[in-house]
Amino acid sequence: MPEPILSVRDLCVDYISAAGPVRALDRVSLDLDPGEVVGVAGESGCGKSTMAQAILRILPPPAVISGGQVLFEGRDLLALSEPELRRLRWERIAMVFQSAMDALNPVLTVGEQIADTLRAHGAAPSSSAARARAADLLEMVGIHRNRLGSFPHQLSGGMRQRVGIAIALALDPALIILDEPTTALDVIVEREILEEIQGLQRKLGFAVMFITHDLTRMLQFSNRVAVFYAAKLVEVAPAGELRSSARHPYTQGLLRAFPSVHGGDVELSSIPGSPPSLRDPPRGCRFHPRCDKAIDVCREREPGLVQLGPRHAAACHLLTG
Amino acid sequence: MSAPSGGRSTGARAWLEAIRRDRRATVGALLLLFFALVAAAGPLLVGDPTALVAVPLQPPSAAHWLGTTGQGQDVLAQTVVGTRVSLLIGFAVGLVVVLVGSLVGVAAGYFGGRVDGLLSLLFNVFLVIPGLPLAIVMAAYLPSGPLTVAGVLVFTGWAWNARVVRGQTLALRRRDFVAASVVSGESSLRIITREILPNMTSLLVAQVIGSSVYAIGALVGLEFLGLGDVSAVTWGTNLYWATNDSALLTGAWWTYVPTGLCVALVGFGLVMLNSGFDEITNPRLQMERAWRAHLQAAGQPASRSTPVVAGHA
Amino acid sequence: MRFILKRLGFYVLAAWAALTLNFFLPRLMPGDPATAIFARFRGQLRPEAMQALREAFGLTDQPLVAQYLTYLGHVLRGDFGVSVAYFPSPVSSIIGTGLIWTIFLAGTAVIVSFAIGTLLGVAAAWWRNGWMDKLLPPALALLGAFPYFWLAMVALYVLGFQLGWFPLGHAYGDDVTPGLNAEFLADVLRHAALPIGTVVLATLGGWMLSMRNTMVAVLGSDYVNLARAKGLPPARVVLRYAARNALLPSVTGFGMALGFVLGGSLLTEIIFSYPGQGYLLVQAVRSQDYPLMQGIFLVITLAVLGANWLVDIAYLWLDPRTREAS
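Residue numbers (this note's numbering), protein chains in the order written: chain W, 202 to 522; chain L, 83 to 395; chain X, 1209 to 1534.
A few of these clues could be false.
Computed list of lysine to any residue pairs in SDA-like fashion (alpha-carbon distance at most 25 Å, straight line) [what the hints assert, rightly or not]:
no.: 1; chain 1: W; residue 1: K404; chain 2: W; residue 2: S218
no.: 2; chain 1: X; residue 1: K1214; chain 2: L; residue 2: G199
no.: 3; chain 1: X; residue 1: K1214; chain 2: L; residue 2: G195
no.: 4; chain 1: X; residue 1: K1214; chain 2: L; residue 2: R245
no.: 5; chain 1: X; residue 1: K1342; chain 2: L; residue 2: L347
no.: 6; chain 1: X; residue 1: K1342; chain 2: L; residue 2: Q378
no.: 7; chain 1: X; residue 1: K1342; chain 2: L; residue 2: A379
no.: 8; chain 1: X; residue 1: K1214; chain 2: W; residue 2: D337
no.: 9; chain 1: W; residue 1: K404; chain 2: W; residue 2: M341
no.: 10; chain 1: X; residue 1: K1214; chain 2: X; residue 2: L1229
no.: 11; chain 1: X; residue 1: K1342; chain 2: X; residue 2: L1409
no.: 12; chain 1: X; residue 1: K1214; chain 2: L; residue 2: L204
no.: 13; chain 1: X; residue 1: K1342; chain 2: L; residue 2: S385
no.: 14; chain 1: X; residue 1: K1214; chain 2: X; residue 2: V1519
no.: 15; chain 1: W; residue 1: K404; chain 2: W; residue 2: L349
no.: 16; chain 1: X; residue 1: K1342; chain 2: L; residue 2: G195
no.: 17; chain 1: X; residue 1: K1214; chain 2: L; residue 2: S202
no.: 18; chain 1: X; residue 1: K1342; chain 2: L; residue 2: E370
no.: 19; chain 1: X; residue 1: K1342; chain 2: L; residue 2: G381
no.: 20; chain 1: X; residue 1: K1342; chain 2: W; residue 2: S218
no.: 21; chain 1: W; residue 1: K404; chain 2: W; residue 2: D337
no.: 22; chain 1: X; residue 1: K1342; chain 2: W; residue 2: P261
no.: 23; chain 1: X; residue 1: K1214; chain 2: L; residue 2: G194
no.: 24; chain 1: X; residue 1: K1342; chain 2: L; residue 2: T108
no.: 25; chain 1: X; residue 1: K1342; chain 2: L; residue 2: L113
no.: 26; chain 1: X; residue 1: K1342; chain 2: L; residue 2: A375
Derived DEER-like restraints, expressed as beta-carbon distance ranges [claimed, not checked]:
no.: 27; chain 1: X; residue 1: I1212; chain 2: L; residue 2: L185; range: 30 to 38 Å
no.: 28; chain 1: W; residue 1: S245; chain 2: L; residue 2: D258; range: 12 to 20 Å
no.: 29; chain 1: L; residue 1: R256; chain 2: W; residue 2: T417; range: 49 to 57 Å
no.: 30; chain 1: L; residue 1: T132; chain 2: X; residue 2: I1212; range: 55 to 63 Å
The set of hints was computed from the structure by calculation and includes no laboratory data.
Source: prediction; values computed, not measured.
Here a beta-carbon is modelled for each residue, glycine too, at the ideal position from N, C-alpha and C.
Construct the complete structure from the given sequences, taking the supplied hints into account.
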């Protein structure tokens, strides 16, 4: 069994406010193997983006990491100094932001924004070399190299997203985090881009953490899937196994809410109610108010993760004894 | 920003809270309170500012705390008496500027289309024409007096407020609760007075404060040039007479320094009050404050990257 | 390109508005403007002066529209009439001499103030809650609350009168010969130091605060976040990603503030007896030389409009998004 490339252990993130801290991530643990594609699913506000940004430690104030470890290639990212973090960022872990289209500097050309990454990490001996490599990267994501001198506003949304991917690939990282990479794009472009990423991943061999609320897409493109609910990890399993035998009531509800990959006349249904406020979460299992299978203990105690198979675990009282 | 319709997030109590909590606002409020007292009660305590009481151009002494002017009048009396008129006119102009500007701004922002185009053009033209030269020329033509000066200042100063209010109106108009009212057929006047304006209170208060700062400064400037009623006792005319009596060349600093200080302290007080209010209307600034306090308590410096503070909350 | 032309059109409109205002101002006076003005000068002016005054205002017996067109015709030819106080010198020649000094003074002051204030704002925003962010804004706000001319008075008294570090007025001394020689230029700079310094100090706070506020907003944007995540050196993040974008709203505000700062610098000129438009203006007001007053107002307005247009062109260069043919 290969060593995981990323090992998140009991990670806790709080948002500090005048009225007290709000826990956005509560003792979350997740492993990623080299070259693996792990999808992270859940409703808005469940903590998936928070975890992604916490790994790179780019969460803006008022966020504070209040516990746990993030082991990457053996080093705890939470213990690194600012210069060490700066070297590690992008060289080993890169990220494609949600709507990367807005994550591009309006006053610099896209070529410049790829090239300055290369120059900042000493990955190009001269500016012409940086520009040449930037052109190569653009072509790798399917953009013609003569777009090197274009400004972001001159490109379509889909192209800007591809630029975001090119930037992420620039330094050949071992892990790329995709934070809702296609939410703001239309369906056709979305599929193209995801297939593009899949092709690149197979060719270059980087690991991927794929964050999205679209479960269908995630099941198509991931090896394993982790499901988040209200700042906690509730289930994690290989994609196929999750689709066929999800064990957590929330995951089952989610699957029923998304169109099946294979079509067919499956009736869609949504989970009644809405996610709880993180400032004042329900006692015991956080999902119990919306769960139709809740039993007494669900209202009292938080369930721990129960191992259900070699790579399948879920946090539900119904699975124990 | 604020809650829709009936839920005004900034009532009078919130203002007072802000003054108490934010140091800058407290300083500002105290300064203004001081000058308000001087304006209200001061003239009763000092003598007649126009009386010739002593030898001209005397430096400050026990008899005359701020010395005497080039004509032998008591500088302290002049400064104190001048406070009342200067503050009154200044605030009045500030208020009227906001009234006029808001009227135009709301109309432009709410009705949009050609009305907006026309009104925007109007205030943009006013914004770009330099105000003080125009004010000087206008005041020179009109009969001198406080009404002229006030009128001229309103004429040259309303445009900025119109622009700001228009922007805010546009933003509010797009919000759901306004759209709902429009769809349900409420009259424009009702929507403007019941939904849009109440949600702008913090902005309007800030604008009144800002406009008053401008007004007091411009007022003093015009009077300094001799365009006000030079026989009246105001801060500006005090400075006019000081330069007329060659205060600069004779080194009689006490004839103009106190007035300048008063103008500056009032302006500064108003600006501080405004920045204090800014804290309560800008939730992001508040957020950061709690975060920094938390880090400080844990003995950790605020860093660029997300800080790690061990232990549970 | 269309952007520049559109803006030019706007400024032409504004200029026309100013001209029209100028036309109606004399007619604002209660009663018949002609007699009102002339009543003031009766006995003091020779008949030729009265006639010139009449013509300058277009105060003839013709209908209003005709007067207006005659007036416009005069202005477009650069004929602002004849001065009353300096009769028979035409207004345009009197203004001409002073214009350069005003542009030099106000222009330098505005540019210096904007540059320093913007840099301070960037620094204050980057080092949030540092001393620059906590102490400087209130201190500069206090400085800016003083009337410009008052600061000028104090500066003149302390630094000129008492300490003798700077000359007490005028643009250059009597002992230097005007010309493009080093001695003259150095003398001009010495004389300009206090006036420019006063205006800079008074306006610094405004630029700093607005830049700081914009920077704080920009520093929270996605592209700055990405720049940090990319591991770029902090200097590049601050300058090329944050400040470069925060500059745009500042430049927009720059144009508007120009007129305001110019007004203040006019008053400053008076204190220093600087031979610019402000000095001329106050003489005109004191002697009720209406043609001169109005001429100065027009010239100042046109200068400000022109400067605004130049700023718009600069904005075009700064923001790639405006360069598209819409």
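Quick rundown of the hints versus the structure:
1. W:K404 / W:S218: violated, 45 Å
2. X:K1214 / L:G199: holds, 14 Å
3. X:K1214 / L:G195: holds, 19 Å
4. X:K1214 / L:R245: holds, 20 Å
5. X:K1342 / L:L347: At roughly 19 Å apart (the allowed maximum being 25 Å), L347 of chain L and K1342 of chain X satisfy the hint.
6. X:K1342 / L:Q378: holds, 17 Å
7. X:K1342 / L:A379: Distance ~20 Å between K1342 of chain X and A379 of chain L Cα, so the pair holds.
8. X:K1214 / W:D337: Violated, at about 41 Å.
9. W:K404 / W:M341: holds, 11 Å
10. X:K1214 / X:L1229: holds, 23 Å
11. X:K1342 / X:L1409: Satisfied, since the Cα-Cα distance of roughly 18 Å is no more than 25 Å.
12. X:K1214 / L:L204: Judged against 25 Å, a Cα distance of about 16 Å means the pair holds.
13. X:K1342 / L:S385: Given that 25 Å is the threshold and the Cα spacing comes to 18 Å, the pair holds.
14. X:K1214 / X:V1519: holds, 14 Å
15. W:K404 / W:L349: Between K404 of chain W and L349 of chain W the Cα gap is close to 24 Å, so the pair holds against 25 Å.
16. X:K1342 / L:G195: violated, 43 Å
17. X:K1214 / L:S202: holds, 15 Å
18. X:K1342 / L:E370: With a Cα-Cα distance of about 15 Å, the restraint between K1342 of chain X and E370 of chain L holds, given a limit of 25 Å.
19. X:K1342 / L:G381: Holds, because 21 Å separates the two Cα atoms, which is no more than 25 Å.
20. X:K1342 / W:S218: Roughly 22 Å separates the two Cα atoms, so the pair holds.
21. W:K404 / W:D337: holds, 15 Å
22. X:K1342 / W:P261: Satisfied, since the Cα-Cα distance of roughly 21 Å is no more than 25 Å.
23. X:K1214 / L:G194: holds, 20 Å
24. X:K1342 / L:T108: Answer holds: K1342 of chain X to T108 of chain L is near 16 Å, not above 25 Å.
25. X:K1342 / L:L113: holds, 19 Å
26. X:K1342 / L:A375: holds, 16 Å
27. X:I1212 / L:L185: 30 to 38 Å: holds, 33 Å
28. W:S245 / L:D258: 12 to 20 Å: This hint holds: roughly 19 Å between Cβ atoms.
29. L:R256 / W:T417: 49 to 57 Å: violated, 33 Å
30. L:T132 / X:I1212: 55 to 63 Å: holds, 57 Å
Hint check: violations occur at hints 1, 8, 16, 29; the rest are consistent with the structure.
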